[in-house]
Every structure is written in structure tokens, then in C-alpha cells.
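Colleague: This is what each chain is made of:
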Amino acid sequence: MNAALTTTGAEVLARGVTKRFGVRGQPVTVLDDVDLRIAPGEFVSVIGPSGCGKSTLLRIIAGLLDADEGSVAINGEAVPQAIRHKAMGLVPQTPALLPWRSVRDNVLLPTQVNTAANAGRNLLDVDELLTSFGLGKDLRKYPRQLSGGMQQRVAIARAFVFDPPVLLMDEPFSALDEITRDQQRLGLLDFWQSNRRSVMFITHSVPEAILLSDRVVLMAARPGRIAEITEIDLPRPRDESVFLSPQFREYEIRIREGLRRVMKNAQD
Amino acid sequence: MNAALTTTGAEVLARGVTKRFGVRGQPVTVLDDVDLRIAPGEFVSVIGPSGCGKSTLLRIIAGLLDADEGSVAINGEAVPQAIRHKAMGLVPQTPALLPWRSVRDNVLLPTQVNTAANAGRNLLDVDELLTSFGLGKDLRKYPRQLSGGMQQRVAIARAFVFDPPVLLMDEPFSALDEITRDQQRLGLLDFWQSNRRSVMFITHSVPEAILLSDRVVLMAARPGRIAEITEIDLPRPRDESVFLSPQFREYEIRIREGLRRVMKNAQD
Amino acid sequence: GSDSDAGDKSARQPVEGVADIAGYAPDDAACQRNKDAGKITYISSYSYAASGSIMDVFMARDLGYYDALCLDVEMNTAGASGQQLVNANKAQFTSVGSAPSVLDTVANADNITAVATYGTTDPHCILANKDIKTLKDLEGKRLGYFTQVAPVARAQLAKAGVDLDKVKFTKITNYDPTIVTRGTIDAEIAYASSQCASLKDQGIEFSEFLPADAGVESTYSVMEVNSTFLKEHRDTAADFMRATLKALQYCLDNEDTCVEHVTELAGEDNQGDSFPLDQQRRTWAVESQWIRDSTVKPLGAHTRDEWEAAAALTREFSDVKDIPDLDTVVDFDLVTDLYDADDVLIWPGE
Amino acid sequence: MALGIAWEYVAHSNPFVIPPLGNIAESITNDPSAYWNNLLVTLKEVAVGGGAAIVLGYLLAVLMCEFKILERALMPVVMVIMVTPVIAIAPALVVAFGFGMLPKYIVTIIVAIFPILINSLAGLRAVDPGTLDVLRVVDASRWEIFWRLRFPGSMPYFFAGLRIAIPFAIIGAAVAEFVAAGEAAGLGAMVSIAASQANLEVTWAGISMFCVLGLLFVAALTLLRRRILWWDNHGRAPK
Amino acid sequence: MALGIAWEYVAHSNPFVIPPLGNIAESITNDPSAYWNNLLVTLKEVAVGGGAAIVLGYLLAVLMCEFKILERALMPVVMVIMVTPVIAIAPALVVAFGFGMLPKYIVTIIVAIFPILINSLAGLRAVDPGTLDVLRVVDASRWEIFWRLRFPGSMPYFFAGLRIAIPFAIIGAAVAEFVAAGEAAGLGAMVSIAASQANLEVTWAGISMFCVLGLLFVAALTLLRRRILWWDNHGRAPK
Ligand SMILES: Nc1ncnc2c1ncn2[C@@H]1O[C@H](COP(=O)(O)OP(=O)(O)OP(=O)(O)O)[C@@H](O)[C@H]1O
Ligand SMILES: Nc1ncnc2c1ncn2[C@@H]1O[C@H](COP(=O)(O)OP(=O)(O)OP(=O)(O)O)[C@@H](O)[C@H]1O
Ligand SMILES: Cc1ncc(C[n+]2csc(CCO)c2C)c(N)n1
Ligand SMILES: [Mg+2]
Ligand SMILES: [Mg+2]
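Protein chains in written order, with this note's numbering: chain A, 15 to 282; chain B, 15 to 282; chain C, 5 to 354; chain D, 91 to 329; chain E, 91 to 329.
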């Protein structure tokens with residue numbers, strides 16, 4: 015097994031990724047020649063208008079969808095190899111919990127499959143993890159007894175529990191209230207700062223993207239492509255105080271403008 | 015038919031609403047003696063920690079769940095009557111679109127049922143509505159060809175299209191990117207300012223709640239109850255510029271503090 | 005053979021109060037020959053009915069006749085498709101009601117040989133509503149049949165001058181005779197020894213038409229053997245018939261013992277409700293009379309003449325036309341050779 | 091293909107059980123019109139009886155879905171009818187319905203209705219709760235909820251039911267021809283007479299026509315499903 | 091209850107079609123051991139044949155779900171076996187498998203396996219795509235995906251299949267007793283002989299035992315489902 019995969023984050027490298035879907039017979043290009051590199055231990059957020067192809071790109075990196083053109087490599091390995099090493103943890107856009115498993119057992123799920131790849135891996139303590147997610151009292155509940163936000167947190171815990179070198183998260187915090195969201199953000203920040211996994215993080219919140227990321231990737235729609243990339247040069251470790259820094263404000267304005275521009279172009 | 019229902023927003027009055035769920039035989043009180051009044055044409059946001067009972071309260075008002083104690087009235091009528099008049103439009107927490115209907119036909123759904131209650135009602139033009147939601151090109155697509163955010167917008171359009179005097183929205187914007195979300199917020203603000211429907215709006219965004227609302231209701235968890243209500247005394251009509259006003263900042267801090275307090279208490 | 009559950013039912017159930025005749029033994033060579041022929045499976049076409057070619061087989065087993073001849077006979081009672089199974093080498097013996105039934109089948113299945121015929125009376129009857137006074141009255145009426153129309157019934161109708169095209173032949177679900185007396189249907193083709201006899205016994209009024217009344221010559225029960233088995237083990241097959249016919253004679257002489265015993269067997273096999281004693285007595289009363297009345301002697305023997313007549317009847321009144329040469333279908337000598345010049349059954353050691 | 095070879099092998103080593111394919115084909119080509127006419131009779135029973143089973147089964151499912159009490163009352167009755175050996179009740183059917191085709195249709199219905207009923211009922215209940223909420227808030231009538239939501243939503247289950255019911259309707263028609271009183275027409279009657287005469291060629295020619303009939307119906311069903319249920323991803327492997 | 095009263099009414103006005111309930115009960119109490127023994131025989135056929143149908147049907151569904159090619163290859167074969175009138179192939183089965191219980195089990199399996207197969211296959215495929223994604227990203231093996239996701243997820247469909255298959259297994263056992271030669275009799279054989287002798291009491295006593303058998307099985311199934319599928323909201327009316 016590739017040792018680098020378990021000791022720190024892995025490099026994610028997508029090259030010339032193009033994806034078309036057929037809508038009533040006619041192919042629609044959803045991703046057009048997308049290049050994206052996430053350095054080992056880098057935190058990259060992806061932001062962009064609804065329907066621009068963010069989830070599609072994430073699914074291609076995760077090996078869940080085949081690109082029509084282009085390639086993806088994780089630490090130089092093809093995606094199927096990386097998958098074999100459990101290199102990636104996925105938080106899908108919907109919680110997708112199993113109704114017959116308790117909260118605890120849902121989170122344990124990824125540790126219970128492909129157990130060969132657990133060797134030498136730092137499996138987190140489920141109970142601790144869920145307690146830190148504010149679900150300490152809900153360990154033995156079942157998904158249908160949880161609110162939407164609680165379910166989403168369980169889905170996040172499920173991706174964290176086997177501590178994969180790459181985390182792929184599709185809008186993980188969108189169903190959370192602000193405070194929980196803040197807590198989760200800071201939790202993720204701590205978590206990431208302590209173990210430096212590589213993260214691809216899809217979000218709709220510009221401040222969230224800035225707070226967390228080394229780089230923010232802005233995508234444009236029709237066809238989906240990378241419009242611009244902003245390096246976030248704020249000192250690490252970060253905490254809530256970054257929100258107050260003038261640099262933060264600047265990034266916020268810059269990225270919001272980028273977003274607006276991207277959407278205006280799309281409407282012309 | 016109650017004329018008031020179609021000409022302006024209706025009053026929503028919940029009194030002493032209590033709801034218990036059984037978890038492994040033991041009843042858990044989810045809502046405890048909740049009183050809430052939404053004046054005709056008032057915009058009320060509900061905010062609170064994940065799992066505090068917001069969706070449950072909304073479902074009780076919508077007549078989808080029976081309260082164990084307490085009552086709800088819409089313009090003095092019991093909920094079943096109000097339902098008969100199509101007094102309420104619902105945006106559920108998940109889009110819940112029909113896979114066999116196109117975007118356009120999904121939106122038209124509520125106008126096609128209980129058509130007796132359409133009389134004298136201002137049905138909106140679907141195509142216009144969807145175009146204003148940025149889905150002008152997707153009218154004939156089917157739900158599985160849409161991204162998560164696009165689906166959520168279709169669900170919102172479905173609640174608007176028959177222009178009900180009361181709108182019940184459960185985190186309608188959480189799957190949207192910031193810009194689209196801003197557009198939708200301002201769209202909702204315009205829409206509301208022009209017709210003054212009564213709105214119960216569940217959100218996790220404090221700024222969003224302040225921007226839109228006459229009052230922001232803060233709920234506390236375990237058991238779910240109303241912790242405090244903030245009157246938002248910002249001038250109407252509002253637009254994005256309110257974000258810059260010092261009053262706005264004040265409200266933001268006050269409500270954030272309230273949230274934090276509510277969550278701290280819960281943890282003790 | 006070694007199938008599970010074969011258990012006690014196919015094993016011998018000695019008849020109470022009857023002396024074992026094992027003392028009359030064949031010579032060692034004959035015994036060994038019969039043992040070498042292996043297990044002989046007999047399939048009953050109608051469970052534990054007190055009928056000729058069924059009851060006598062049970063009795064031959066339980067009187068020890070088969071044992072005496074070193075025959076290993078297994079009875080199969082919950083049987084269906086007996087002829088197909090004999091044809092497919094899965095069983096050695098079975099029996100049917102009359103010669104046309106054999107001919108209908110052997111036209112397609114050429115691995116079956118008829119070795120014994122028990123009488124010259126056809127077992128069928130047409131039972132009709134009491135308003136039907138003559139067969140002619142059936143024109144325009146509904147005549148029920150189970151599975152297929154027996155050629156003898158057609159012959160009987162034709163002989164009576166009935167226009168067959170005017171009779172509404174109707175397939176029915178089973179031989180239930182009450183559908184006639186209840187008026188569901190006007191008449192049905194059934195068996196004289198069972199349905200007709202049972203209605204008579206109940207005192208229900210109905211019209212009965214027998215083939216013999218219309219002057220149709222026919223046959224009663226026919227015992228069939230697998231042709232391959234017959235060719236390879238002719239002497240063993242002969243011994244099987246020897247024991248069976250000895251039992252048949254025993255049952256003609258001891259009616260109550262036989263009927264009671266076979267009915268007891270039915271009860272032990274949980275079929276007591278299906279074969280109540282009074283019904284069994286009725287059946288045997290009618291059928292034993294047919295055996296006694298047979299114009300062909302001795303017991304079980306048959307002649308080319310009666311088979312030629314049956315073949316002619318089948319050819320004319322069945323949809324099966326190409327009946328093979330009778331010599332490939334019927335063994336006329338096997339049973340005759342069991343008797344001595346005085347028509348006495350030859351029993352080894354006697 | 092492999093099946094055909096295996097068949098021939100068994101046929102030749104076991105000549106008294108199954109006949110060679112050639113003989114079967116010959117038997118059909120010798121008298122095609124007899125087969126054709128019997129096929130038409132059976133087809134009619136399948137169409138009428140099976141069709142009625144589909145319609146009645148779905149209607150019953152709708153009623154049971156809408157009125158819980160009807161389910162309580164009728165399900166045990168349906169269950170009882172189901173487990174009653176049709177052969178035993180066939181005579182009663184003739185008493186009630188005469189010697190025409192009706193008893194045969196009824197036997198076919200009894201055999202085929204159950205999968206439709208159970209699957210449709212499951213489908214009618216497996217609606218998306220969110221959409222149900224949206225409709226209930228605008229006081230959609232039972233009928234509207236049925237027509238706009240439950241009916242289309244139940245179709246994937248209904249089609250699974252069809253896939254079970256159609257072969258059963260064919261079996262049902264065969265059983266009806268075996269046991270129900272009336273005309274001795276149809277493939278089932280033909281097979282039953284041939285079997286009782288140990289006529290292997292005709293028996294297996296009839297059986298093979300049943301098989302062809304079944305395969306044709308199922309192929310048609312698959313095409314129909316693809317046209318009607320294009321929106322459904324059940325039953326197709328996720329990409 | 092109402093059923094019982096209706097029965098008595100019809101029985102008294104139509105004494106030759108169905109007998110009064112009292113006579114039926116009397117017939118059973120007269121010779122309980124015969125009924126009991128025949129019931130046991132039938133029960134054994136239902137248990138072994140039905141059990142095998144359930145196991146085989148589910149296994150086949152799993153194989154077809156995992157290997158698309160197996161579905162292509164086997165589905166037509168299964169279809170063909172399904173539409174073949176068992177009545178016609180019963181003698182061939184006896185030839186192939188002897189006079190024991192085996193041919194009866196096989197007939198029962200043929201009649202009961204199909205609903206299990208089709209429903210289980212639909213259930214195995216109707217998994218939540220999100221969870222499938224989560225598992226595929228950690229390279230869960232086919233077996234793990236089956237065991238953790240498809241197997242439990244297929245249970246609601248499987249139970250719907252059971253609900254259809256169990257009555258069919260009972261019917262199958264009855265049919266087997268009519269058509270397959272062998273040793274033990276069973277309720278079906280008893281009913282068929284009694285019916286041909288117009289012995290109404292025994293016929294209907296036998297039929298009523300079939301009904302009781304069916305209702306008991308279905309009641310057991312309902313209880314089992316409630317215990318195992320507490321997490322499922324299909325099949326229950328949404329609040
Ligand atoms: N199966 C499909 N068939 C056709 N079009 C599809 C299909 N799946 C996705 N699309 C289209 O691809 C585009 C990108 O979808 P994707 O889900 O990647 O967007 P997204 O950026 O994640 O949006 P959101 O922020 O709303 O989740 C959308 O325009 C959508 O309509
Ligand atoms: N069917 C149920 N059985 C048991 N508990 C339930 C059930 N439905 C909801 N609950 C509980 O009720 C509480 C309130 O749920 P609700 O969905 O109203 O929360 P919410 O405020 O909308 O949360 P969110 O912001 O995450 O959507 C939660 O703690 C949840 O666990
Ligand atoms: C329902 C039914 N009733 C009676 C007979 C009578 N039958 C007449 S002759 C004979 C001996 C067999 O060779 C038998 C059993 C039958 N076959 N089926
Ligand atoms: Mg997305
Ligand atoms: Mg909620």
C-alpha cells in the first residue's frame with residue numbers, strides 16, 4: 015500500500031476533464047476541459063453558480079462517473095487504485111443514510127468494508143467524533159428520528175471516521191443552522207489543521223470558502239469550466255478571527271465579483 | 015370562500031402547540047407549548063439549532079402533523095378549512111419533485127389539483143416565473159437532469175405559482191450558491207413586497223432572516239420552544255443596501271448571541 | 005425405489021387370519037431369476053379402489069404370493085400417469101379400465117404391452133338425467149366427459165342411432181355424478197361400478213345406459229407391462245401375473261376379506277374418507293360380476309378376437325387412428341400359459 | 091442454443107420421456123391449423139382473463155390503498171381464494187357460471203390477480219412523502235392524489251407485478267383448460283389429452299407453444315416498460 | 091364472521107354445492123388423524139418446496155443482480171419454465187426424480203419461485219444511489235455492497251414477494267399432489283379424490299384446511315415483517 019496515502023494528504027490531479035450528458039438525444043457539455051490540482055494537504059473550495067458542474071467534477075474525481083475526456087490521478091495513481099486504498103472519503107449532497115442502521119452504525123459503515131485498507135490507518139473513535147458533532151445523545155437513534163441538519167452531520171462523520179487522505183465534500187454544511195455550521199466549520203478547520211488531508215470542498219458560501227481554503231476555485235457554467243482561482247493567503251492556523259481581518263473582506267469582495275461576472279456572462 | 019384569503023396575506027395563529035414523538039417507547043417532547051402569531055402580510059423567519067423543532071412546527075401549521083396539544087388557526091379558520099381554500103403553499107426541506115413530470119409540469123402541479131379553489135386567484139405565469147428563477151432554459155428538462163440547486167428552485171416556484179396567502183418555506187435556499195441565493199432572496203423580497211403574503215420562513219442564515227423579516231423567531235431545543243422574538247425595524251421596501259446599515263449589524267449580533275446562548279444552555 | 009417415505013405402505017401388510025402359503029416355493033433357479041429381475045413397481049390407477057387389476061395386486065402382496073415367488077413388488081398408490089411411467093421404464097406394471105384405453109395410448113407409446121384382460125364387459129356407463137329416456141334423447145343435450153370421450157361411449161351412441169354431431173360433448177372437471185342429478189349437465193360418461201352404482205345405492209333416480217345394452221362388445225380391466233421388462237424378464241412377468249391372478253381368484257372366493265383389507269390399507273394411508281367400506285363393497289360387487297361373466301376363460305386371459313373388436317372400435321370412434329399391429333401391443337400367451345389344460349392356475353410346488 | 095443440444099442429448103438417451111426436437115417440429119408442421127386454432131383459444135383466455143386480472147387487481151389495490159378498512163376486510167378473503175385449489179372449486183364455478191368461457195376466465199383471473207394486487211398496493215403506498223405533503227397542503231382530493239401522484243408512482247411496482255402476472259395468466263389459462271368444464275379447446279386441453287394418451291410429440295409441441303407465448307408476452311412487456319417508465323431508475327443498475 | 095353466515099345461507103339453499111359448516115367440522119372430528127396426517131404431508135411439501143423456492147429465488151436474484159449477463163442468460167430459461175404447464179411436465183419430473191417427494195418439491199418450487207425472484211431482483215436494484223456512492227468510493231467489494239446495502243435494502247421487496255409466493259407454494263403443493271406420482275397423499279390428493287366422488291364434506295373440509303394453512307402462513311409473515319422491517323415505511327400508509 016502507498017504509504018504516503020495514510021500519513022498525509024494526497025495530491026489530486028485532474029487534467030482536461032470533459033463530460034457531456036445527453037438531453038433528449040443532444041449531448042450537452044457539462045464540463046469542458048477542466049484542469050484542477052489539489053496539492054497534498056491542500057484545502058481547495060469550489061464555488062460557482064447552481065448547475066455549473068461542481069458535483070459532476072467531484073463525482074468524476076471520486077471515480078463515480080467516467081469522464082468523456084481527460085484523466086484524474088490521486089498521488090500519481092489512477093482513481094481505481096486510490097479507491098482500493100480507501101484514499102477518499104465522500105460526503106454526498108444528500109445525507110444518504112441507511113434507515114436500518116443507527117446513527118453510530120451508519121458512521122461506522124466505511125470502516126466495515128474493504129477492511130484490508132484499514133491496516134495502519136488511524137480510525138477515529140465514533141462516539142467521540144459524533145459527540146464533537148453535537149450528536150452525543152443521538153448515537154442510538156435511527157435516521158428517520160433525526161432532523162435534516164442532524165442527518166447531514168451524520169453523513170459528514172461517516173466520511174471522517176476512517177480518516178482518508180482526501181476528503182470530497184459536496185455542500186456538507188448547507189442544511190445546518192449558522193451556529194452549528196460555525197462549529198462544524200471550525201471543527202473541520204481544527205481537524206484539517208491537525209492532520210492536513212487534501213480536501214475538495216464544494217460550498218455556496220463565499221466566507222466559508224475563504225475561511226477554510228488555501229485556494230478557492232470559481233467555476234462558470236454552460237459549459238462548466240474553471241473561471242478563476244484565488245489563493246487565500248491568510249495565516250494558518252486560522253480561527254473565527256479571520257472574519258475580521260481586512261484581507262478577508264478583500265477576498266470576499268473579489269470572489270463575489272467573480273461570481274457575479276461569471277453569472278452575468280452566462281446570461282448574455 | 016373567505017375573500018381575505020385571496021386578496022392579502024392571512025393571519026396564522028398557533029396556540030400552546032405541544033408535540034411529542036416516541037423514541038424506543040419513551041415519549042420525547044419536541045415542541046413544548048409554542049405560541050406563534052404571524053399577522054396578515056407579515057414575514058416571520060424561524061431560526062434555531064439543528065433539530066430544535068422548526069420543521070415540526072411548520073408541519074403542524076401546514077396540517078401535515080397533528081399537535082398533541084394546542085391549536086392552529088389561519089385567519090380564524092381551522093387548518094383543514096384553510097387547506098380547502100389553498101391558503102398555504104409549501105416548500106419542503108427536500109425538493110420532492112415528480113420524476114415523470116418536466117420542470118414546467120412539476121411547477122404546475124398545485125394549480126391542477128383542487129381547481130375549485132383557483133377561482134378568483136391570481137395564478138402566476140409558469141414560464142415567466144421559472145425564467146425569473148434562472149430556469150428559463152430548463153422548462154422541458156426532467157428533475158434527474160437538474161443539479162440539486164436547480165431542483166430546489168423548481169420546488170420554490172411550485173409553491174409560488176398559485177400565489178397562496180400563506181407561504182411556508184423550510185430552508186428553501188440552503189442548496190443555492192450565494193449569488194443565486196441573493197437573487198432568490200431579493201426576488202422573494204420583491205414578490206412579497208408587491209403582494210404581502212404571510213410568510214413563515216425557516217432558515218439557518220441570520221442575515222437572510224434579518225433582510226427578509228418583520229420578526230425573527232429564535233427557537234431553543236430540547237424541548238423545542240420559542241426563546242426570543244426580535245422585531246426587525248428596518249424600513250421597507252428593503253434591498254441589498256440594508257446589509258450595510260448599522261442597525262442591521264446590531265440585529266445580526268443580537269440574534270447570533272441569542273443563538274449561542276440557546277445552544278449553550280442546551281449543552282449544560 | 006429407494007425414495008424416502010416409501011416406508012411401510014409399500015411393504016407387505018399380512019392379511020389377518022389367512023394362512024401363509026410360502027410353503028409352496030418355486031425352485032431355487034426360478035427364485036433367483038425373479039430376484040435378479042429387481043424391484044417391480046406397480047402403479048395403481050385409482051389408489052385403493054376395490055377394482056379388478058388393483059385390489060388383487062394389493063392382495064397378492066399381502067397374502068404373501070409375491071414373496072412366495074421371490075418377487076419384490078412395490079406399490080405406488082398416489083399415482084397418476086401410470087402408463088407414461090411404465091412407458092418410460094419407471095414402473096413395470098399398471099392397469100387401465102378397458103382395451104380402447106390401451107390402444108389410445110400405445111399408438112404413441114410403444115413400450116407398453118397388454119398381458120391380461122379381466123372381462124368382456126365395458127366398465128363405462130352413461131348416466132343421465134331421469135328425463136332422458138333413450139340415448140337418442142341426448143341429441144341437443146350436454147354430455148359430460150372427463151379428460152377425453154371414451155371411444156366406447158361414442159360407439160354406444162352411434163349404435164343407438166344418435167347423431168354424434170348433435171350431442172354437446174362437454175369436458176367436466178371430474179367424475180362427480182351429482183352434476184347430472186342436480187341438472188348442471190344432462191348426462192355424463194362415468195363408471196358403472198362407481199358413479200352409477202353409488203347413485204343407485206342412494207336411491208337417486210336417473211337413467212343408466214350401458215354399452216352392452218346397445219350391443220357394443222368390449223372389455224374390462226387390462227393389465228399392462230413395460231415391454232422392455234417383458235422381453236428381458238418374461239418369466240418373472242409371468243410369475244407376477246401368476247401371483248396376481250391367484251389373488252384375484254382368492255378375492256372372488258373371499259370377497260369380504262379382500263374388500264375389508266384393501267379398505268383398511270386406504271385408511272392407514274389417510275385415504276379412508278375417499279374409500280369408505282360400503283362404496284368399496286359396491287364397486288367390487290359390480291366388478292366381480294363382470295369378471296365372473298367374462299366370456300373368455302380362464303381368469304385374465306384374452307383373445308385376438310376381442311382385441312380386434314376393440315381395435316376396430318377405437319379406429320372408428322377415437323381420434324387415434326394408426327393403431328399398431330396387435331402383436332406388438334398385446335401378449336396373448338403369457339396368461340394362457342399360466343394355466344394347465346384344465347384351466348387350473350399352475351402354482352409351483354403345489 | 092446450448093439448451094437445444096442438451097435437449098437432444100436427453101431425448102436420445104431417454105426416448106420415452108421427451109421426444110427429439112425434430113419430431114416436435116414435425117408434429118406442428120403436419121397439422122399447423124390445429125395448433126394455430128388451439129393457440130388462438132388459449133390466447134383469448136390469457137387476454138381476457140389476464141386482462142381482467144390486471145384491471146381488477148389494480149382496482150382492488152387502489153381501493154385497499156384508499157380505504158384501509160377494505161384491506162382489512164378483503165385481504166383475508168383474497169388470501170383464502172388464493173390458497174383454495176382451483177381444481178376443487180372448478181365444479182362450483184360451472185354451477186355458477188355455466189359451460190362457456192366464463193369459468194375459464196375466472197380461473198385465469200384467480201391465478202393471475204394476486205401478484206398484480208400485492209405489487210400495485212406496495213407501489214401505491216411507496217410515494218414520495220414530500221410530494222404528498224405538497225399536495226395535501228393544497229387539499230388535493232383523494233382522486234387527485236391518486237391520479238397525479240400514486241398512479242404514476244405505482245407504475246414501477248405495477249410493472250414488476252405484470253412480469254409475474256403474465257406468466258401466471260398463461261399458466262392460469264392452461265389450468266383452466268385442464269380443470270374447468272366446457273369446450274375442450276385450447277393448448278392446455280390439447281396437452282392434457284395428448285399427455286393422457288402418452289403422445290409425447292403433441293404434448294411437447296403444446297408445451298413449446300406455451301413457452302413461445304410466454305416469451306412473446308414478456309418481450310412485449312419489456313418494450314412497453316421502456317416506453318412508459320423511461321423516468322424510472324428502479325430495475326436498472328445504477329451507473 | 092359475516093362470511094360464515096353467508097356460507098350457511100348458501101349451503102342451505104344449495105345443499106349439493108357446498109355443505110353446511112357443521113357437517114364439515116363433523117367430518118374432520120370423525121377422523122382427525124387422517125386429516126392431520128394429510129395436512130402434515132402437504133405442510134412438508136410447502137415447507138420444503140416453498141423454502142427451497144425462497145432460497146433459490148433470492149439467490150438467483152442476487153446472481154442476476156450482480157452479473158447482468160446471468161440475467162440475460164437465465165431470465166428466458168426461468169420464463170420458459172414458468173409458463174410451462176407443470177401439469178404437463180409432471181410425468182417427466184417423476185421419470186427424472188423418482189417416486190419420492192422430490193418431484194412434488196420441484197413442482198412446488200416452480201410454482202413459488204417466480205414472485206420471489208422478480209421482487210427480490212427489483213429490491214436489490216432499488217438501492218439508494220447516495221449510499222452506493224459512499225461505499226463505492228471506499229472500494230467496497232460486491233459482497234460488502236450486497237451484505238451492507240443491497241441485502242437489507244431488498245427486504246421490503248422480498249417480503250412483498252413472500253406474500254405472493256407463500257400462497258403459491260401452497261397451491262403448488264396441491265397441484266403437485268394432483269399430478270406427480272409418488273408415495274404420500276396429502277390434502278390436495280384427498281380433495282381431488284373426494285371431489286370426483288362428490289364427497290362434499292371431505293372436499294370442503296380439505297379446502298378449509300388449505301385456507302387455514304394459508305391464513306396461518308400469512309399471519310406469521312405479517313408478524314415477521316413487523317419485527318424485521320420496522321425501519322421500512324413502504325407498505326404502511328404515510329401518516
Ligand atoms: N443525468 C443528467 N442528464 C442530463 N443533464 C445532467 C445530468 N446530470 C447533470 N446534468 C446537468 O449537468 C449540469 C451540472 O450539474 P451538477 O450537479 O454538476 O451541478 P452543480 O454545480 O453541482 O449544481 P448545484 O450547486 O445546484 O448542486 C446541470 O446543468 C445539470 O442539468
Ligand atoms: N418521527 C420521529 N421520531 C422521533 N423523533 C423525531 C421524529 N421526527 C423528528 N424527531 C425529532 O424531533 C426533533 C425536531 O425535528 P425537526 O425536523 O423539527 O428539527 P429542525 O428544527 O427542523 O432541524 P433542522 O434544522 O436540522 O432541519 C429532532 O430532535 C428529531 O430528532
Ligand atoms: C374416478 C374413477 N372412478 C372409477 C374408476 C374405475 N375403474 C373402472 S375400471 C378400473 C380398474 C382399472 O383398470 C377402475 C379403477 C376410475 N378409473 N376412476
Ligand atoms: Mg451539486
Ligand atoms: Mg428541518
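Take these hints with a grain of salt, some might be off.
As the list claims (entries may be wrong) - Label-pair restraints from in silico Cβ distances:
1. A/A92 with D/I159: 40 to 50 Å
2. E/R232 with D/Y99: 33 to 43 Å
3. E/R317 with A/A92: 43 to 53 Å
4. D/A186 with C/D167: 26 to 36 Å
5. D/L111 with C/T307: 49 to 59 Å
6. E/V167 with D/A137: 19 to 29 Å
7. D/A137 with B/R158: 28 to 38 Å
8. C/K140 with D/A163: 29 to 39 Å
9. D/A163 with A/T43: 49 to 59 Å
10. C/G165 with E/D121: 43 to 53 Å
Claimed, not checked - Footprint (simulated), chain B over chain A, 3 or more residues, beta carbon under 8 Å:
11. 55-61
12. 92-101
13. 162-172
14. 188-202
15. 262-275
These aren't lab readings, by the way, just hints derived from the structure by calculation.
Heads up, the beta-carbon is just placed ideally off N, CA and C, and yes, glycines get one too.
Colleague: State for each hint whether it applies.
Modeller: We went through each hint and held it up to the structure:
{"no.": "1", "hint": "A/A92 with D/I159: 40 to 50 Å", "in the structure": "60 Å, violated"}
{"no.": "2", "hint": "E/R232 with D/Y99: 33 to 43 Å", "in the structure": "34 Å, holds"}
{"no.": "3", "hint": "E/R317 with A/A92: 43 to 53 Å", "in the structure": "46 Å, holds"}
{"no.": "4", "hint": "D/A186 with C/D167: 26 to 36 Å", "in the structure": "31 Å, holds"}
{"no.": "5", "hint": "D/L111 with C/T307: 49 to 59 Å", "in the structure": "41 Å, violated"}
{"no.": "6", "hint": "E/V167 with D/A137: 19 to 29 Å", "in the structure": "25 Å, holds"}
{"no.": "7", "hint": "D/A137 with B/R158: 28 to 38 Å", "in the structure": "35 Å, holds"}
{"no.": "8", "hint": "C/K140 with D/A163: 29 to 39 Å", "in the structure": "53 Å, violated"}
{"no.": "9", "hint": "D/A163 with A/T43: 49 to 59 Å", "in the structure": "58 Å, holds"}
{"no.": "10", "hint": "C/G165 with E/D121: 43 to 53 Å", "in the structure": "48 Å, holds"}
{"no.": "11", "hint": "55-61", "in the structure": "violated (count 1)"}
{"no.": "12", "hint": "92-101", "in the structure": "violated (count 0)"}
{"no.": "13", "hint": "162-172", "in the structure": "holds (count 4)"}
{"no.": "14", "hint": "188-202", "in the structure": "holds (count 8)"}
{"no.": "15", "hint": "262-275", "in the structure": "holds (count 3)"}
Of the hints listed earlier, those the structure fails to meet are numbers 1, 5, 8, 11, 12, in rising order.
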